[in-house]
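Participant: One letter stands for each residue in the lines below.
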Amino acid sequence: MNIALSEFAPLSTEIFVLTMACIILIVDVFLSEQHRIVSYVLSLATLLVAALISGSMLDNETAVVLNGTFVSDPMAALLKTSIFLITFGVFMYSRAYLVARGIFSGEYYVLGLFAVLGMMVLVSAHNLLTIYLGLELLSLSLYALVAFNRDSADASEAAMKYFVLGALASGMLLYGISMLYGSTGSLDIAEITTAISASDEMGIIQIFALCFIVVGLAFKFGAVPFHMWVPDVYHGAPTPVTLFIGSAPKIAAFAMALRLLEQTLGGLSADWQDMLTILAVLSLAIGNVIAIAQSNIKRMLAYSTISHVGFLLLGLIAGTDEGYSAAMFYAITYALMAIGGFGMIILLSRAGFEADRLDDFKGLNERSPWFALMMLILMFSMAGVPPTVGFYAKLSVLQAVIHVDMVWLAVTAVFFSIIGAFYYIRVIKLMYFDEPETAEPLRPSTDLQIVMSLNGLAVLGLGVFPGGLLTLCAAVLA
Amino acid sequence: MMDFPLLSVLVWLPILGGVTLLVMEALGFPDIRPTALIVALATFLLSMLLYTNFDMNTASMQFQELAPWIAAFKVNYHLGVDGISMPLIILTTFTTVLVVLAGWEVIKHKIGQYMAAFLIMEGLMNGVFAALDAVLFYVFWEAMLVPMFLIIGVWGGPRRVYATIKFFLYTFLGSVFMLVALIYMHLQSGAFGILDFHRLPLGMTEQILIFLAFLMAFAVKVPMWPVHTWLPDAHVEAPTGGSVILAAIMLKIGGYGFLRFSLPITPDASHALDWLIILMSLVAVVYIGFVALVQEDMKKLIAYSSIAHMGFVTLGIFLVFTLLDNTGSTQGAALGMEGGMVQMISHGFISGALFLCVGVLYDRLHSRQISDYGGVVNTMPVFAAFMVMFALANAGLPGTSGFVGEFMVILASFKANFWFALLAATTLILGAAYSLWLVKRVIFGEIANDGVRQLEDINKREFTILASLAAVVLLFGLWPAPLIEIMHASVDNLLAHVSVSKLPHETGLVLLGAGN
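So the protein lines, in turn, are chains X and C.
Per the numbering used here, the first sequence starts with residue 1, numbered consecutively.
Per the numbering used here, the second sequence starts with residue 1, numbered consecutively.
Only chain C is shown next, with the shape it has when bound in the complex:
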């Protein structure tokens, strides 16, 4: 099994599939949707091999592939996954299948290019999660912008051009400074391997600067307050599939970046500046929660709720230093980080599901305004059940996956600092408020207008999409153990790594037990 280049297949199969779709459309094939679905399904099934063959007892990289790529820069084609990246790859392949299905009847204009963009995107995102070489990572990271730029711009809403250019420039701005940091570290370490960077000793000033460069890239991607403003625009204007991919996966790449780059490469700077991230996260949770409450547009509401939920991810990740100081062991610190990661995966499913729900409504009435709906439950009872369930999951109802991550992070923040926990816990109120109020206004009540009266309930295709998401949300809500087990070894290893200072010995201190 180890000889089979599984990760390469997961990266290149969808990309080649996408190119094939473009060729097929150019040659005038009548229906290319089945091919897109077959490619997406095949990729998803292959990605399950990652899970079945994954060794949960080791933190080292698995399924590794290594080949020289650009000799002049010592850049290698190096792929590999650990417990942090593997779940994200499966999330990507799973979501892409749903996105292909979601665009099945809705997209009329250039459907070949549409499906191709999503498949190419899938391959690139898998590449981001699997890359163990900084240049390879950066290439996938930036290349990812291209299909997304087109998806929003070509198939988006009325203000799509503004939204997509803002999206592109924002993310480009964030990432170019990361490139400078990567080159700097390459010159220090003599290689572009991410694992080499982990071992690279760096002084405090260098660490702070590199940390800030990474922060610009990842904070824009997550997105963290105050660089979140591109997200509501991009979400609102993107077609349903684009919103799903944005919310479910692209945001996670920011969180993944913190785990793969910021923490292990610049542990001392992360420690010194963790207050900044915690502050930004708490502002996102509280302030953006309130902003979500007053939205009139369903997609905007979910977009703001995404920012608030991603605040939990960054909060959980950066609580580790306070926890290490307070508890003195990596055991306690693991709670926050694992909570953040579970939250990432869970939010991927839930926000994706909510955007698909909005898509279902939008396809029928062509409006995203909350005020245009009301009493949908009367005409679409099956759909209403799903939407209520996802809204409750979004509010963190126990029994759904939304609860697990939030609960772990809040628990961890109690151990760290009472005030962190208090502020973080406001999400339980705010999240419930905006999710339930949304449901109340859209789903329940009297039938608001003729449009709603003529709604037809979801068809088999839509049912399949929503039901599979619902199953996953419940599965991980009731039995999150498999997910956490996968992460465990990698998280422990990461924590052990960040708890040791990289500073030279005379000034350095082992952070464990240093206290503050």
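So that you can see chain X by itself, here it is in the shape it has in the complex:
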């Protein structure tokens, strides 16, 4: 089969990131320890340039290339840009932590870039095999990253758990895909859609396929009851890796859900909406309630992620463009809040000390009023209190849900968000109302200070002026 050279233009971002990842891998080999910073700077530059390239593709026409396996549309451009920027934040947060623990090596950044590449493939997939390819590239990089600190027993255990469960979920997804292939005779998203809408009655095999695909998706999202890996992996992984797993992949998971459920299986929407409703309500309930009982902030944020996934799923359940754009806005802004939350743990940690207990946040306002304020903004944003961006994420999802006459679902969601508010404000209580446990002054490195401040201010700024991003999310789906 012949592929015209012009078909590679929509892939320019992917090609660029792949090339750079390989270059950094090679360059890193020749760097001495004190020049390791070069890999870091190169990785950041790669992400920045990639963000510029994909950002410039926002207005491009939708193009399906490479024999229908790859699609470049405005949605993909927006999601990729967000993934680059979020990962840029992740890398900046990570450096100081890795340096302090003597694991500041190029592999972290190379694996991170390959994970980013996996996410990009996932976001732009137009064929079920492309989806699987992207997912595996992402997952395998993440498994390796979790085990990155090889001397840590916790991390190895978490990686093993993540790998076994993740492989199981991938298997489920692949099984679902194979059934879909069997019943429609194609792996192409557009062709499957046509085949499903052409068949009058839904074959039982398609429902089965849907079940397996939803299970695979729910696992990647970490939605209840497929959430068991989330707290353990978040807890066991080195904090910079937790930061990564908890942020950008959620955007990719959203894209995967949209490609699979809406674009491929839109004809079965009544069925998957029911399934997602159960997942969403359970996630909201279990996530918010169990988070209260946590004393480790990484575990608390893990359960908080689960509850946020529940909220995000509500947007998909609405099944309208309004709902999808709300879920997209939710995914992007959640990733922004999540890196801030985990980033604060890194900021408080120092060599030989992990600030991952809730008690480590005690009296932060005494030690550093500025970073306490940033964490305050982030926590209120996660709780959905205005004027932070988390409020608009919840508002847009609720609006989409109420618009399709599912007021009960909206009421359930807000009810659990009240429960959720408790553990977020408990963090604020620790920072502002309690005395610090240690007099150790905070000495975060400059890049950490910059990224933390930018992160907190972005959450506040997007909360005061959410209009632009909201409009963008609606526009790329139109």
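One or more hints might be untrue.
Straight-line C-alpha distance at most 27 angstroms; calculated DSS-like pairs for lysine-lysine [to be verified]:
# : chain 1 : residue 1 : chain 2 : residue 2
1 : C       : 108       : C       : 460
2 : X       : 362       : C       : 166
3 : C       : 415       : C       : 110
4 : C       : 108       : C       : 166
5 : C       : 300       : C       : 166
6 : C       : 108       : C       : 300
7 : X       : 362       : C       : 110
8 : C       : 74        : X       : 362
Simulated from the structure, these hints should not be mistaken for laboratory data.
Given the coordinates of chain X, assemble chain C onto it according to the supplied hints.
Facilitator: For chain C alone, coordinates are given in the frame of chain X:
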């Protein structure tokens, strides 16, 4: 004058001032209190422009500002005031000046953050009263919780953490359901404008559900019996300034919400369920009055007395339907509603003053227990005069502003139903009982202990605060006309609006003269 964005300035000047204070503290300025005072005073003086340029003959919104804000949701940055909200804004700016002064020497710990929290709070509260867009309103309404949460939690008493988390979760619980109702109405009307909601036709079931959602939000804020339990805790643990702002303004936001949202948006549901509100209000007046009587802690006593007084506000507001049915004219109904509103403003001054009085004592002896005092008049005669005056105003003594609102509401309830009036009038006895008994035990009598013997009378700063409040309390007690004139056109307009049913014509009935 109309081109000057006065309301925006009133919202954003204090917020930016607060941020400036935070920056100044971070940079290590030695004394930031004057800056806080200047910002608070400037805001207050600017807010007087609202009064001087206010057109009392119209019920339409004045000083309006309109700009698109979030295009995707058709949310506008829409501000404006009428006779209902304008007095509350001035109350806010006035009280903030006093609160800044009250914290002047008392607050030692992170005073920059303390003052900043109050200034930011002031801007947000002004925003709540001025917002004419539901999302804008909700943003200010919720954002307000953040500084208050910190004020109680950081500078509060021993059980401050329990109190502030209870406060936050209670109010958050109330308001999220309101958010669902607001979104629902947005989808019905296609806009988030509060005035659009006023015109939105709604069926009875929808109205009842929306009314209940609003009730959850506003009843918690007012607070009405039986969701009042956060208030005594929050008041007792809050620093003096926090108690003052809570009592003087935050409670009023609940009453304001009934007037701005519940009544005009869901008139039929308000009519159908007014018995519920009247019942809850009367329970607050009578039962909470008795509860106030047995308090040992001065702040708790005043907190319970606040709940009882706020019962009068909600009673006055929701008497309108009975009055409309009985008298058949909006004239008679206006009495109850205006009474409720006067009561809101007056209670803002009086309860604020009482909390400041307790603060004065607490700063000296570090106790709020009534039993730790006695015979204060012997050592603090000037202070005693003020405290007695405010206590009498709290009991509704004629000549003070406390009398005007209570009297109007009791008068209105006589027109509505004898039994309402009888129960409401028990406040005259109960209010007098708990206020005067408080004064008797704290102020009069022999000097109780050495602590009281060593008390020093109030200084110039404290005198200024209490004297300005006393002047206002007397002014509105002797000459309430300016306050009522401001409200008049807006209240008439509101009554005319609620007297027309929103239900479809076949089932709808004009409430006027329908009788029950």
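Participant: For every hint, state whether the structure bears it out.
Facilitator: The hints, checked one at a time:
1. For the proposed pair residue 108 of chain C and residue 460 of chain C, the alpha carbon gap of about 19 angstroms is at most 27 angstroms, so the pair holds.
2. With a C-alpha separation of about 20 angstroms, the suggested pair residue 362 of chain X and residue 166 of chain C falls inside the 27 angstroms cut-off, and the hint holds.
3. The hinted pair formed by residue 415 of chain C and residue 110 of chain C fails the criterion: a straight-line CA distance of about 53 angstroms is larger than 27 angstroms.
4. Restraint check for residue 108 of chain C and residue 166 of chain C: satisfied, since their Cα atoms lie roughly 26 angstroms apart, inside the 27 angstroms limit.
5. A threshold of 27 angstroms between alpha carbons decides the hint, and for residue 300 of chain C with residue 166 of chain C the separation of about 16 angstroms falls inside it, so the pair holds.
6. The suggested pairing of residue 108 of chain C with residue 300 of chain C holds, with an alpha-carbon distance near 24 angstroms, which does not exceed 27 angstroms.
7. With a C-alpha separation of about 17 angstroms, the suggested pairing of residue 362 of chain X with residue 110 of chain C holds against the 27 angstroms cut-off.
8. At roughly 41 angstroms between alpha-carbon atoms, residue 74 of chain C and residue 362 of chain X are farther apart than 27 angstroms, so this suggested pair is violated.
When the structure is compared with the earlier hints, violations turn up for hints 3, 8 and for no others.
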